[in-house]
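Produce the entire structure from the sequences given, and follow the hints as far as they go.
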Amino acid sequence: MADNSSQLKSDAIFEQMKLHLTTDAGKALIKNIGLVYQINIAPKKIGFNEKVYVVDLKKGDCKEGPYEGGKPDATFSFKDDDFVKIATGKMNPQIAFMRGAMKIKGSISAAQKFTPDIFPKPSKM
Amino acid sequence: MAMRDLVTGAPSCGEPSSSSNPLGALANALIGSSSKTQERLKEIPTSVSTSSNGNFLAGSQEPLVSLPGSEFEQPLHPNIQGSQFLQGFRSADQNRLSDVWDEIQRPQLPFAHGSQNMTNIPLEYARVQPDLNGPPQQVLSSFLHSFVNSSQRGMPFRPTSLPLLGLSEGDKQCIRDRSTIMARHFFADKGEDFINGQVNALLSSLEIDTDARARGPVPGRYPELEEYWNESQAMRPAPHVADGWINEFAQNRVEHADPNAWAQSYEQQHSANGWASEFEHEQSQLGMIGQMRGANIPNLAAMEQTRMLAHTLAQNNDPKFQNSKFLQFVSKMSRGEITIEENQFKPATVAPGDWAAEYEQQYNGGQSWADQFAHEELSRGPQGWVNEFSAEREQHGSVNDEWVNEFSKLNVNDWADEFGNQVAEGAFGETSADSWAEAYDEYMNEQAALKQQSDASRGVYVFSDLNPYVGHPNPLKEGQELFRKGLLSEAVLALEAEVLKNPENAEGWRLLGIAHAENDDDQQAIAAMMRAQEADPTNLEVLLSLGVSHTNELEQQAALKYLYSWLRHHPKYGSIAPQDQPVSFYHADVSRLFTDAAQMAPDDADVHIVLGVLYNLSREYDKAIESFKTALKLKPRDYSLWNKLGATQANSVQSADAILAYQQALDLKPNYVRAWANMGISYANQGMYEDSIRYYVRALAMNPKADNAWQYLRISLSCASRNDMLDACDSRNLDVLQKEFPL
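Chains as they are written, first to last, in the UniProt record's numbering: chain A, 1 to 125; chain B, 1 to 743.
Please note: incorrect hints may appear among the correct ones.
[Said to hold, decoys possible] Listed next, with one range per pair, are the computed distances between beta-carbon atoms: (1) A:N32 to B:V460: 37 to 45 Å; (2) B:I576 to A:G70: 34 to 42 Å; (3) A:P66 to B:Y586: 23 to 31 Å; (4) A:E64 to B:Y586: 15 to 23 Å; (5) B:E504 to A:K59: 54 to 62 Å.
[Said to hold, decoys possible] Covered by chain B, per the in silico footprint, the following chain A stretches (three or more residues, Cβ under 8 Å): (6) 62 to 72; (7) 82 to 90; (8) 116 to 125.
These aren't lab readings, by the way, just hints derived from the structure by calculation. In this text the structure is predicted, and so the values were computed from the model without any measurement. No residue lacks a Cβ here, since even glycine has one placed at the ideal position from N, Cα and C.
Written as structure tokens, this is what we have:
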């Protein structure tokens, strides 16, 4: 927490995702999707100083660091801001892809299931 | 010629010398006769021939292009596109083949198959019924001619009974396939039913069952391509198509013990990413020109990749491969004459003229590495690559998207990435082209909207267009009154009128900011509060609001800055904050200061509120909940405090508790848009999408400008499988939504 330089807005979303996966709605995701996504978040520019998250919708886990159980079904790369926009439904993943704001590696069919729906929405104070 | 090749299927359809190949004869008859038709048509340029033979002949009269690769250098021109496309179906030595055909057929069929005799055939057959006596070969031939004739007269074909012809399974399949293809040509202007009727009549006369099994893909809009497909399918040994290619593939496997070998060696040579990065470079260049519209990029990428492929293949000096349809096909694709849409190959409909030219220019620079690639490829023995590839192609020929998948497996990731999306979407049963088009429209709309939004996101306040309160004698008082009544959107307008009149009125800006925050619009709230802070830099409420709004927007540094300022400017706690303002803020330092403050004055609700916000920032939700609960004991009627508690509980997945807290807030302030929206979020996060929709709609009914709520509503609608209401959501039609989802 104390390390400001590595603070990303996306951290909050992944943290909430981790909690979300323990709820019934989160367990439904595991049942419906059952895929492992790796998400690389860059503070400013895709490919630089990326922080790696794995959203494991097979086991129901969300944590920092590369996937250890083999190869993720799909890997995405975002800028921090763009990922927040996508997770909160402000940006359509297809548009993000067209703009180059989202890079995809891996199975296309797995990537298709990556939608804003899977992320819990942050509530506002 | 091309038509003849198409119809006869050239060498692949059985053995050319086989005595039972009446279709060659039929093709001869057809092409011979249509040349006459064409002559007639020359006088009437606008009339359309019943068959498309005119096109084919026009194509074949042009000089041959020796190498498919050299076609790249020719500038594309829209009006020769058609003939170029058709040229692709012809190859050099097929001329010779046709001649051989004629030779073979002539002695066997004395019935006037030489092309010099053909001119009068249509007339003859218009008058004379087919002669159905004689040896089987002749019977069949004349029978098929009568079929062709019926087509030229546009008459329905009547089945006739024929003597036993003794056709083999292979013959039957040939006839079935070719007659279907030809019928599509003849009756291009007629419906599918008519075509099927004609063909079925023909086939039933010949006792060929009309099982669609072997007829290839479902008929669609692109007859040329279907022919192509049908042909390539007929190339396989019939009737056991599957066995055929399995054998062939197995053979290839034996030859190249490891099917991945070439992919690996390619990687070794090019360090896996060489091609990809080069391609990315090219693509970014293209992007910068900005002349290609976004939607073209996937096709462009596909073209780029196939161009490479075609170029490479063109370097291959194996004459057999040079003439292969696949090479022709790839070179078509590389020039954009065939695009892939909805899992079907189709000729490009838009004349690619100018942007193709543009692209051509751009491309010149990139030629060298493609050459290099081709060179290296050659030195490694081109056969393996090509064989392997065509084996794969053979294997997957019938399913377009499998072809693509196969390709993507071969580490050509960019190509697959770019347009694989389209294909994969098709695999999900959606019309990918449509959704991309939609997405593009959305993108354009978004671009327009962004112009406005970017102002707000840069902290510039965006005023409403039409404001009835402008000119009001005392808009601040009016605004305060409206805010107190809970009419937030009206209050916003009145307060805007106030700050337009008195831009330095901190109270006007502050209340405006609060109204926006309660209306669930943090961007505008931040913009208004920043103006308030300019006017009054030490206002504690303003500083706290800014801290909260930035926390909501997940902007930690900004939030810490304002919360720290709150402490520094507080009359009681200012002393514990260090006098020199730090350059950057550390959460631990700031929260330690507030913990000290809370010890100094445990009964000050405000300190606990700030602590709660700070713990939200660090996502220590349990501590945050404690702080807010403490504050609520001191200020039980603060509706915004109840909402803060609820939001914290929701973010730490205690949605059920959160809903209770929101309910408290709404009891105190029924028009609290943010709490309504938060209710929706909590239901949605619990997977109760139907309920969440009702709350979002309620929030939007009170503030239709709450963009977040619209976005969340859209997600919930699609999660609840209420796609029928997406249009209403996209057009922001609240009447429809409220009627459908009453609360």
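What are the numbers of the hints the structure violates, in ascending order?
2 and 6
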